[in-house]
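Student: Make a model of the complete structure from these sequences and hints.
Respectively, the protein sequence lines represent chains A and B.
So for the first sequence, full-length UniProt numbering puts the first residue at 1; every next one is plus one.
So for the second sequence, full-length UniProt numbering puts the first residue at 1; every next one is plus one.
Hints are computed from structural coordinates only; laboratory data are not their basis.
Heads up, some of the hints might be wrong.
[To be verified] Below 16 Å or equal to it, Euclidean Cα-Cα: the simulated EDC-like pairs (lysine to aspartate or glutamate) are:
| hint | chain 1 | residue 1 | chain 2 | residue 2 |
| --- | --- | --- | --- | --- |
| 1 | B | Lys155 | A | Glu56 |
| 2 | B | Lys60 | A | Asp158 |
| 3 | B | Lys159 | A | Asp51 |
| 4 | B | Lys10 | A | Asp51 |
| 5 | B | Lys101 | A | Glu106 |
Just so we're clear, the structure is a prediction, and the values are computed from it rather than from any experiment.
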Amino acid sequence: MQLTDKQLDAMAELGNIGASHAATSLSTMLMSQIDMTVPEAIMVDIANISDYFGDEISALVVFEIQGELHPGGYVVLHLPRESAIRLTNTMLGSTDMERELNEMDESALLEVGNIMVSQFLDATATLLGIVMLPSPPAIAIDMAHAAFASIVAQIAVDIDEIILFRTELKSGMHDIQSTIVMLPDTNTLDTILKLLDEVLNPQL
Amino acid sequence: MTEPRKPEMKGQNVGIGEYYTGDFVMTSIGLGSCVALILHDRRCKKGAVAHVMLPESNGKMERPGKFADTAVPVLYDELISGGSNKRDIVAKIAGGSSMFKHFKGNLDIGSRNVAAVKSALEKYHIPLVEEDTGGTVGRSVIYYPEDNGKVIIRKADGKCIEF
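Tutor: In structure tokens, the structure reads:
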């Protein structure tokens with residue numbers, strides 16, 4: 001399916017609201033300022049996903065979108081390995097960077113992801129006037145492309161292009177970089193675009 | 001994930017659902033549940049690679065490299081029409097891991113991909129000579145057609161395999 005520039009802009013705006021709420025929750029957790037890049041919604045051919053996700057080791061926290069839309073699709077919180085370690089170090093009061101991500105890190109990342117993505121989905125769903133809730137999260141510490149492609153495989157049976165909505169959240173103080181990616185299922189995307197159109201262009 | 005980046009390994013990267021045929025070095029980075037299907041011609045020292053994402057095409061033909069049941073015949077036909085003999089063609093596969101252990105959803109695609117590729121290879125009587133499949137970690141694969149079809153697999157846990 002092809003989206004018009006206007007639709008992509010509308011998706012980016014929707015994500016902007018969600019990501020702002022996620023950024024606020026991250027800011028509270030880290031007690032530091034969070035900078036957010038301008039969110040973008042882009043069409044990406046599945047063959048070119050490697051342009052955005054490489055084989056560097058990352059933490060990916062994955063949520064299925066549940067609620068009124070079935071199947072909803074996925075929301076992914078992506079942190080490069082060093083950022084993931086800095087994030088959990090900040091939370092757990094450690095400074096050791098020369099270590100592997102362990103089970104304690106994983107549960108901390110699941111918790112951070114849960115809070116951020118709940119805020120993200122709640123804000124976007126409220127704007128649309130529907131209910132969207134995150135499933136319990138799953139985590140992979142692995143090559144970013146490998147983990148991400150495994151999620152894309154869930155929604156890409158009939159499509160060859162995905163709508164990649166993404167925004168970067170950065171903490172300059174702690175040098176932490178994270179990305180929120182939303183991968184709506186095709187039907188969910190249809191519904192979201194329809195609702196967005198109603199919100200942005202209300203009929204009098 | 002800041003700017004689009006180039007894969008670190010040299011050679012032609014085979015993206016998801018793509019396939020290439022030739023005697024040049026081919027790579028497939030970050031295989032999770034996806035499977036790299038390699039058909040190698042031992043005599044001509046060339047081959048073909050597909051980055052398979054899903055087991056069944058259900059009749060869709062636009063991207064044969066994307067599905068196990070269409071990738072095997074399309075690679076095979078490419079090699080045969082390029083002058084390869086059936087008896088020289090062998091298969092090597094890598095990938096098909098299960099990255100998310102405790103997740104609802106249908107995340108067992110990795111093992112289904114591996115099974116579908118194997119069954120398609122049997123159907124075309126192509127011998128599977130090497131494989132590194134399953135498990136829980138991602139892989140990057142690099143294939144050297146001119147070096148006797150050598151395949152190097154780098155895993156996310158730091159292990160390296162060569163066959």
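Student: Does each hint hold? Answer for all of them.
Tutor: Verification of the hints:
1. B:Lys155 with A:Glu56: Holds, because 11 Å separates the two Cα atoms, which is no more than 16 Å.
2. B:Lys60 with A:Asp158: 8 Å, holds
3. B:Lys159 with A:Asp51: 24 Å, violated
4. B:Lys10 with A:Asp51: 15 Å, holds
5. B:Lys101 with A:Glu106: 13 Å, holds
Violated hints amount to a single one, hint 3; each of the other numbered hints is respected by the structure.
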